[in-house]
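Spelled out from the first residue to the last, the chains are:
Number of protein chains: 2
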Amino acid sequence: MGNRTTQVGSVGIVVPKEFTFGTSTDPLTLESGRNLYPITVRYETYGTLNREKSNAILILHAFSGDAHVAGYKTEQDRYPGWWDPMVGPGKPFDTNKYFVICSNVLGGCQGTTGPSSINPATGNPYGLSFPLITIGDMVKVQRYLIDHLGIERLLTVVGGSMGGMQALEWAITYPDRVRSAIVIAATPRLTAQGIAFNAVGRNAITSDPNWNGGNYYGKDIPSRGLSIARMVGHITYLSEQSMHDKFGRRLQNREQYGFDFNDQFAVESYLEYQGDKFVERFDANSYIYISRAMDYFNLDEKYGSLEAAFRRTRAKFLIVSFTSDWLYPPKQSKEMVFALMKEGKDVSYAELDCPYGHDSFLIETERQGKLYSSFLENLYAH
Amino acid sequence: MGNRTTQVGSVGIVVPKEFTFGTSTDPLTLESGRNLYPITVRYETYGTLNREKSNAILILHAFSGDAHVAGYKTEQDRYPGWWDPMVGPGKPFDTNKYFVICSNVLGGCQGTTGPSSINPATGNPYGLSFPLITIGDMVKVQRYLIDHLGIERLLTVVGGSMGGMQALEWAITYPDRVRSAIVIAATPRLTAQGIAFNAVGRNAITSDPNWNGGNYYGKDIPSRGLSIARMVGHITYLSEQSMHDKFGRRLQNREQYGFDFNDQFAVESYLEYQGDKFVERFDANSYIYISRAMDYFNLDEKYGSLEAAFRRTRAKFLIVSFTSDWLYPPKQSKEMVFALMKEGKDVSYAELDCPYGHDSFLIETERQGKLYSSFLENLYAH
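If you're matching them up, the sequences are chains X and F in order.
Using this note's numbering, the letters of the first sequence map in sequence onto residues 1 to 382.
Using this note's numbering, the letters of the second sequence map in sequence onto residues 1 to 382.
Please keep in mind that the hints were generated in silico from the structure rather than gathered at the bench.
One or more hints might be untrue.
Unchecked claim - Pair ranges (Cβ atoms, derived):
1. F:Lys370 / X:Glu255: 41 to 49 angstroms
2. F:Glu335 / X:Ile118: 28 to 36 angstroms
3. F:Asn378 / X:Glu255: 28 to 36 angstroms
4. F:Glu280 / X:Gly258: 46 to 54 angstroms
5. F:Tyr79 / X:Asp77: 57 to 65 angstroms
6. X:Gly33 / F:Tyr217: 47 to 55 angstroms
As the list claims (entries may be wrong) - In the DSS-like style, the derived pairs of lysine-lysine whose C-alpha atoms are separated by at most 25 angstroms in a straight line are:
7. X:Lys246 / F:Lys345
8. F:Lys342 / F:Lys302
9. F:Lys73 / F:Lys17
10. X:Lys342 / X:Lys302
11. X:Lys246 / F:Lys302
12. F:Lys316 / F:Lys370
13. F:Lys277 / F:Lys316
14. X:Lys17 / X:Lys53
15. X:Lys331 / X:Lys302
16. X:Lys345 / X:Lys302
17. F:Lys331 / F:Lys345
18. F:Lys345 / F:Lys302
19. X:Lys334 / X:Lys316
20. X:Lys334 / F:Lys342
21. F:Lys246 / X:Lys302
22. F:Lys302 / F:Lys331
23. X:Lys331 / F:Lys316
24. X:Lys331 / F:Lys302
25. X:Lys246 / F:Lys246
We treat Cβ as the ideally placed atom computed from N, Cα and C, and that holds for glycine.
Working from the sequences, and respecting the hints, build out all of it.
This is the structure:
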C-alpha cells in the first residue's frame, strides 16, 4: 500500500486543450441523422498516459459541468474544478497513477461546439439552427477525442447524473473501448417528473423576452429566465433534509418577520444567488439543448429493453446511488443492477446513506473516493 | 343507518353570497398590525342550518381553490365545484344533515378582498399596496363570517393542504368555536423546500415584464410568469408515480422522436395546458400574497412549540396524510399527532396509501369520504 505515504496534492494550474474534427465531406452524423461539422472539443487532462495506454480515465460531467474537473485556471483562481477532491496526486483518481481526461459535452458552452458556436454556413451563432442532440451524440464526440488521443481502451468511464448517463452509453455503444464504468446517481431513463422539471426550466427561458427565439447573442441575454431555470434545477438537486439543515426557516438579514417585501428567507436568497451566478457561466440555449438530450435518454426504448441494452456490454460496472436522491432515486440504480445481473455481467452496487440529495455525488467525496480508488486499483492490478 | 337508502345527488346550481365588514373606525387588524377595511367575503352555503345551529361545517380551500366547493354555477356549467364528490345530499358532507359553508380566502381573487380589489384610499386596485397577510388573518376573516351567520360553534372545520393549515389555526385560535378539526395533507410549518418552490413561482411572476411591480390591472397581465409558477406548483402536487402512470414518456401527437422542436412529451403539454388554464382564473398578485402567507406559516414559532400551540385546543382532531405526498409528507402529520397526544388531546390519525401525491386529497374521495362521514356522524350523534 505505497499510497499511504503519498502526498495528497492539487493538480495545480491546468491549461485546457482543444481538438477539432469533422468536415463537409466527413462530418459527424448525429442520432437524428443530421450532420454537423466542424466540432471543437474543449478538454483537460491530468497525469500522464502510460506507454501501454492502459491508465486512461474519462470523467463525464453533469448538466451544468465542464471540462475543468480539478485544479485552477490561473494563479488568481479562487475555486478549483468541480470534482477537485477526487482528482489529483494521491487522490481517488490518482494522477500519479492514472491519466485523467474530461471534456465539455457537445451542445455545451464551455469550449465545445454548441448553440452559441458559429455556424460556418452563416457566420453567425447557431442559436436554434443547432441540431437537437442526444446523450449518445455526446459520447460519440468523446470517442473521437479518445481516438485522437490514441487510446484504444479506457480503464474506466465515470460520471454522476448526466455523466452517469454518458458512462452507460459508453459501455453499451463501445463495449470494446471501456474496461469499466462507474455510474453514479444516474437513471436508465428520465422519468415524467424529470421531463416536467426540465420543461419548466425551458419555459422560463423561452418566456424571457430577451430570449428572442434563441437569437440573443451579442444582445441582452435571457438572464431572468435562465436564472429561474437554475433555481428549479437546484431544488431538485438538494434534499428536503439538506435544505432544512442548511437554511431551515431562517430569514435573511432579519430576526423577525417584518410583514413587508423585505422579508426574505435565507433559502430564497440562496436560490436567487445561485440563479444569478449560473447566468454568468451558462448559455440559455445550451440549457435547452442539453436538458432535451436528457429528456430523450431512455435505454429501454433505444435498445428494446434494459437487458438488451446491457447484453452487449463487456465492462465491469460499479453503480452508485444515494439514499436521499429523489431526482434519480436508488430504485432506478437498482433496476440497472438487476438487469446487469440478469445478463450475467460483473456489477457491484453501493447505496450510500447520504443526506445531500442528488448533489451528493459532488459533495460526499470521502466514501465515494475510497470506493472508486479501490475499485480502480483492483482493476488496474489485473 | 338511514343513509343507506338516501339518494346521492348534486347540490345543483349554487348562488354565491357576499358579506362585507370593516370600517375606518372598526377595521380588521391583521397579524402584521396593519388595518384593512372594508373586507368583502365571497362564500357559498349548502344545506340548512338547524335550529340549534349545531350542524355547521366550514370547508377551507387550498392555495388555488375558491368558495365553490360543490354544484354548478349555471345550467351550462360543465364542471362542478372542486370537492363535489364530498359535498351534497347523501355525500360524506351530507347536505341533508349538515349546513356546509366555504368562503374564498383573504388575499384571494374569487370574490374575497385581495390585491386585485379596489383600495378605497386610491380608487385603484391595491396591487402591492395590499398588506402582507397570514393564514391566521384568513381564519380571522372566516370568524367574522361565522359570527355574521350567527354560528357559535362549528361542528367541524375541514381542509386539505393550505386548508389544513387554516383548520389548525381555527382549532388553536378559537378553541371554543370548533368541536372538531379535520386536517388533511397539511403540515405544522412550511419547510425550506416548500418556501423554495414558492420562491421560484414568485420569481417567475415578478420576472414577467407585464408584472410591472404588481400594476397590471386593466393591462396585459403577467400570464407567462403565472403560468410557469403554476407548472412548478403542479409538479409538487403530483407524485413521480402518478406522473408516470398518467404520462410516462409518451410523446404528444407523435409516435417517434422527430429530433426537432415539435417533439413534445405528453407531460410537458399537460403542464403547459394547466399553466395556461390557471391564468384564466387566478390573479398573479394573489399568487404572491397567498404563497407568502404559506411561507410564514409555522405553529412552533408562533406559539413557542407545537405542544404549546395544541395545549389550548378543545377540538377533536382527525389528521389525514397520504403516503405519496412528498410536499407535506406523512411524517409532518405524525409530528402533529404526537404533539396532540403528548398534550392529551383527542386525536385520530389516518395515513392513506394513495399514489396521487399531495393532490390525493382532491382525487381520492372514496376512502376519505367514509372516514369523514363516520367521524362526523359519531361526533354529531353525541
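Hint check:
1. Between Lys370 (chain F) and Glu255 (chain X), the C-beta spacing of about 47 angstroms keeps the proposed range 41 to 49 angstroms intact.
2. For Glu335 (chain F) and Ile118 (chain X), the hinted distance range of 28 to 36 angstroms is not satisfied, since their beta carbons lie about 57 angstroms from each other.
3. The beta-carbon spacing between Asn378 (chain F) and Glu255 (chain X), approximately 45 angstroms, falls outside the hinted interval of 28 to 36 angstroms.
4. Against the hinted window of 46 to 54 angstroms, the Cβ-Cβ separation of Glu280 (chain F) and Gly258 (chain X) comes to about 34 angstroms, which falls outside the hint.
5. A beta carbon spacing of about 59 angstroms between Tyr79 (chain F) and Asp77 (chain X) agrees with the range 57 to 65 angstroms that was offered as a hint.
6. Take Gly33 (chain X) and Tyr217 (chain F): their Cβ atoms lie about 50 angstroms apart, and the range 47 to 55 angstroms holds.
7. A distance of roughly 34 angstroms separates the Cα atoms of Lys246 (chain X) and Lys345 (chain F); the hinted pair therefore is violated under the 25 angstroms criterion.
8. Our distance criterion of 25 angstroms between C-alpha atoms is met by Lys342 (chain F) and Lys302 (chain F), whose separation comes to about 19 angstroms.
9. At roughly 12 angstroms between alpha-carbon atoms, Lys73 (chain F) and Lys17 (chain F) fall within 25 angstroms of each other, so this suggested pair holds.
10. Distance check on the hinted pair: Lys342 (chain X) and Lys302 (chain X) sit about 19 angstroms apart at the alpha-carbon level, within 25 angstroms; holds.
11. Distance restraint check for Lys246 (chain X) and Lys302 (chain F): the Cα-Cα separation of roughly 22 angstroms lies within the 25 angstroms cut-off, and the hinted pair is therefore satisfied.
12. Proximity of Lys316 (chain F) to Lys370 (chain F) is assessed by CA-CA distance (about 17 angstroms); at most 25 angstroms being required, the pair is judged to hold.
13. Pair hint Lys277 (chain F) plus Lys316 (chain F) does not hold up; C-alpha atoms about 38 angstroms apart against a cutoff of 25 angstroms.
14. A distance of roughly 19 angstroms separates the Cα atoms of Lys17 (chain X) and Lys53 (chain X); the hinted pair therefore holds under the 25 angstroms criterion.
15. With a C-alpha separation of about 21 angstroms, the suggested pairing of Lys331 (chain X) with Lys302 (chain X) holds against the 25 angstroms cut-off.
16. This hinted pair checks out: Lys345 (chain X) and Lys302 (chain X) have alpha carbons roughly 20 angstroms apart, not beyond 25 angstroms.
17. The hinted pair formed by Lys331 (chain F) and Lys345 (chain F) meets the criterion: a straight-line CA distance of about 19 angstroms does not exceed 25 angstroms.
18. Simply put, Lys345 (chain F) and Lys302 (chain F) have alpha-carbon atoms about 20 angstroms apart, close enough for the 25 angstroms limit, and the pair holds.
19. Taking the CA atoms of Lys334 (chain X) and Lys316 (chain X), the gap is near 16 angstroms; set against the 25 angstroms cutoff, the hint holds.
20. Taking the CA atoms of Lys334 (chain X) and Lys342 (chain F), the gap is about 40 angstroms. The hint is violated against a cut of 25 angstroms.
21. About 22 angstroms separates the Cα atoms of Lys246 (chain F) and Lys302 (chain X), which keeps this hinted pair within 25 angstroms; it holds.
22. Simply put, Lys302 (chain F) and Lys331 (chain F) have alpha-carbon atoms about 21 angstroms apart, close enough for the 25 angstroms limit, and the pair holds.
23. Annotation: proposed proximity of Lys331 (chain X) to Lys316 (chain F) is violated, straight-line Cα distance about 40 angstroms (limit 25 angstroms).
24. Taking the CA atoms of Lys331 (chain X) and Lys302 (chain F), the gap is near 39 angstroms; set against the 25 angstroms cutoff, the hint is violated.
25. Our distance criterion of 25 angstroms between C-alpha atoms is broken by Lys246 (chain X) and Lys246 (chain F), whose separation comes to about 35 angstroms.
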